[in-house]
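K.L.:
Starting from the known structure of chain A, arrange chain B on it as the hints suggest.
For the record, the sequence lines run as chains A and B. Every position in the first sequence, counted from 1, becomes a number in our numbering once 7 is added. Every position in the second sequence, counted from 1, becomes a number in our numbering once 12 is added.
None of these hints come from the bench; they were simulated from the model. From the three backbone atoms N, C-alpha and C, an ideal C-beta is built for every residue, glycine too. Among the hints, a few may not be true.
Stated by the list, open to error - To be clear about the criterion: a stretch of chain A counts as covered by chain B if any three or more of its residues have a C-beta under 8 Å from a C-beta of chain B, and this derived list gives those stretches:
1. 72 to 78
2. 88 to 101
3. 122 to 131
4. 147 to 161
5. 263 to 276
6. 337 to 345
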Amino acid sequence: MMAPEMQTNTKTMNMIEAINSAMDIMLERDPATVVMGEDVGYFGGVFRATAGLQKKHGKTRVFDTPINECGIIGVAVGMGAYGLRPVPEIQFADYIYPGLDQLVSEAARLRYRSANDYICPMTVRTPFGGGIFGGQTHSQSPESIMTHICGVKTVIPSNPYDAKGLLIAAIEDNDPVVFLEPKRIYNGPFSGYYDRPVEPWSKHDASAVPEGYYRIDLGKAATVREGEALTILAYGTMVHVTKTIVEEMGIDAEILDLRTLLPLDIDAIETSVKKTGRCLIIHEATRTSGFGAELAALVQERCFYHLEAPVERVTGFDTPYPHSLEWAYFPGPVRIATALTKILKD
Amino acid sequence: MPETDPEMNLGRPASNLPPLSLHIPEPRYRPGDNPDFGDIEVPAVDATPRPGEATKPDAMRDLCYGLVRVLDFDGQAKGQWDPKLSPERLRTMLRYMMLTRAFDDRMFRAQRQGKTSFYMKCTGEEATSVASTMAIDRADMCFPSYRQQGILIARDYPLIQMMNQIYSNRGDHLLGRQLPIMYSAPEHGFFSVSGNLATQYPQAVGWAMASASKGDSRIATVWCGEGSSAEGDFHSALTFATVYNAPVIFNVVNNQWAISSFSGFAGGERTTFAARAVGYGIAGLRIDGNDPLAVYAATQWAADRARTNNGPTLIEHFTYRSEGHSTSDDPSAYRAADEATAWPFGDPIARLRQHLETIGEWDAERHEAQANELDDLVKTTQKQSEKLGILGHGMHQPFETMFEDVFEEMPWHLKEQCDQMLAEQEAKFGPNWKPE
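So that you can see chain A by itself, here it is in the shape it has in the complex:
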């Protein structure tokens, strides 16, 4: 899994620590890198992702911003035009909407509209997803809004090792990247059973994270589990929930962790679905016009004659994310098991 040139020691890290390490390394390696956002400076971020970075790299490299997402993204566009490599944090993905015009009409189009006169090498980090009793403004999964923008890459890691390697690759990328961090699994993978104790990352192989620099190229899916019965496409928190249910049911599923939604690893998807003949897509985001719709369309366009059952989707419901009824909303074990039974019955 690890690149052979990597000689550095590994350390057990949770996702927050891995993300922090990626920024730390990029601040160290590239004087153009700056980290900015609400509460990210002295305090180190509400999820602690930037803890210690200001102290180590100084206030002009890691700093707090006004509570103004339009300003955060807009200022980052200008910094990119100057030659910096900004890594703004939007405290919750739910707060990104005030900055969306700067993302959609400015950051994403700058290279195109100026024919390479100006670029926007910005990585917007933002925690997303539910399962933390965050209610309707701290739980959303806006990935399909991002993938619908031409000119933005969308990345979602599912474990500490990937989070660090992907974030370094995102920061080094010369195009804007939205880096969505599944906050439910910051501190440990999630089985989907909210009433069971949380397992820490230290019990998971992917918590062994090299302390030094390494990158995982964007646009490459990972095979979490090889299998023959069906292909499951998932990302973020749902990778772990899916794996738990598949193993409980004893199903020989092939699980692909997409990791980058755009550009998508279509070859990995096509190869796997053609092998298994069945495809289940799982995401936490709302169903209608969700990224699953894009995946289902691609799979039927490319693999239709290999399919033995209709492509199925397991998703969140088309409602705002509820607070008290969070676990009735979340695409958990029952919804996934039902879909698995249905897609495998013929």
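P.N.:
Same frame as chain A, now just chain B:
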């Protein structure tokens, strides 16, 4: 859900208090009216003191409500704000403003002749970009809105490149991707024009913050209209600029009209646009935008202030949009025909000419000769540009350029779509088709 309650008596006061009324702003003059701007306060040219560049914003609030002027209506430069430019520099300024106007006239006509889709003139506002650009360093970065062609002209950007962009022709280095006049010129310190309004405001602040964080000496300057000062981006930018004391100059070109909406729809009935600075604790200057020397002096003041880490300045250029918003606009449908001529501050080119003549450094003969020379220059350049094509005639850019530069490297889905598009062109134009 509750149904509308019939007992609510919509449209009637709910108590015996006086009924509320909603104010909808209305400009003073409409088509058919005789505009009279006699009540606009015109302070004497030497009435406004020039504070030091390090003055605290609170100690110079009056300047947000007054009007910095240098040229009086007899062509004399007076008062503390007189930048005392050499006659040579004044003639250069006049030349750039005249060239901007000649260029505008020619390109407007080209649009009317069907050679391009769109054009925007800056008639009457030439000083707000030309004089402003001349007052900053060549290395400083400009974030324009869409009516600042004067920046490029004042920085000697090749006219033919502007025309090539307007025609989206083979010479257009933006590959025909952008609406006419949405230039981009990094070598000339000119940021890519967006077409969205006021988005450049926070971007300029970010550029200035980056410059400051690296210990650079360059500053940023940015323009928007009074209409788009209502955008959230404007306020985001001022917040970030004051928080980080960013070395940036904010220009609000108050030309009174945003398409058909007069400045009242941006809050202009209540206070000045320079006064937006007060709440943010930054320096504000309200100036006669038709007075090139006032524009120069105010910009120079703001640039010195920014360069010495004394923070940002907001400059309201009080001016008038003499022509339509763009070639797609017909101002006679919504405003009085004579407003431009009734405007009490005259025309910036006429005023600078008058000043140069008053001090004995210019005359009618030289003026006419220069006007003819610039017209010829624009015409000759136009012919050269049109050899590279005009909009809609021929295929000026290779088709696949449509898919390039979405990302640094083209991902698979764009390659597939590009192949599809090329196949469509072949189906349309035949198998021996070759992109021009």
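K.L.:
Look at each hint and say if it fits the structure.
P.N.:
Hints, one by one, checked against the model:
For the stretch 72 to 78 of chain A, the stated coverage by chain B is satisfied: 5 residues place a CB nearer than 8 Å to a CB of that chain, which reaches the threshold of 3. Figure legend: the stretch 88 to 101 of chain A, annotated as covered by chain B; annotation consistent (5 residues with Cβ-Cβ distances under 8 Å, at least 3 required). Under the rule that three or more residues need a Cβ within less than 8 Å of chain B, the assignment of the stretch 122 to 131 of chain A holds, with 5 such residues. With 3 residues having a beta carbon nearer than 8 Å to a beta carbon of chain B, the stretch 147 to 161 of chain A meets the requirement of three or more and the stated coverage holds.
Given a C-beta distance limit of less than 8 Å, the hint that chain B covers the stretch 263 to 276 of chain A holds, as 4 residues qualify and 3 suffice. Check result for the stretch 337 to 345 of chain A against chain B: violated, 0 residues qualifying (beta carbon to beta carbon below 8 Å, three or more required).
Hint 6 alone, counting from the list given before, is not met by this structure.
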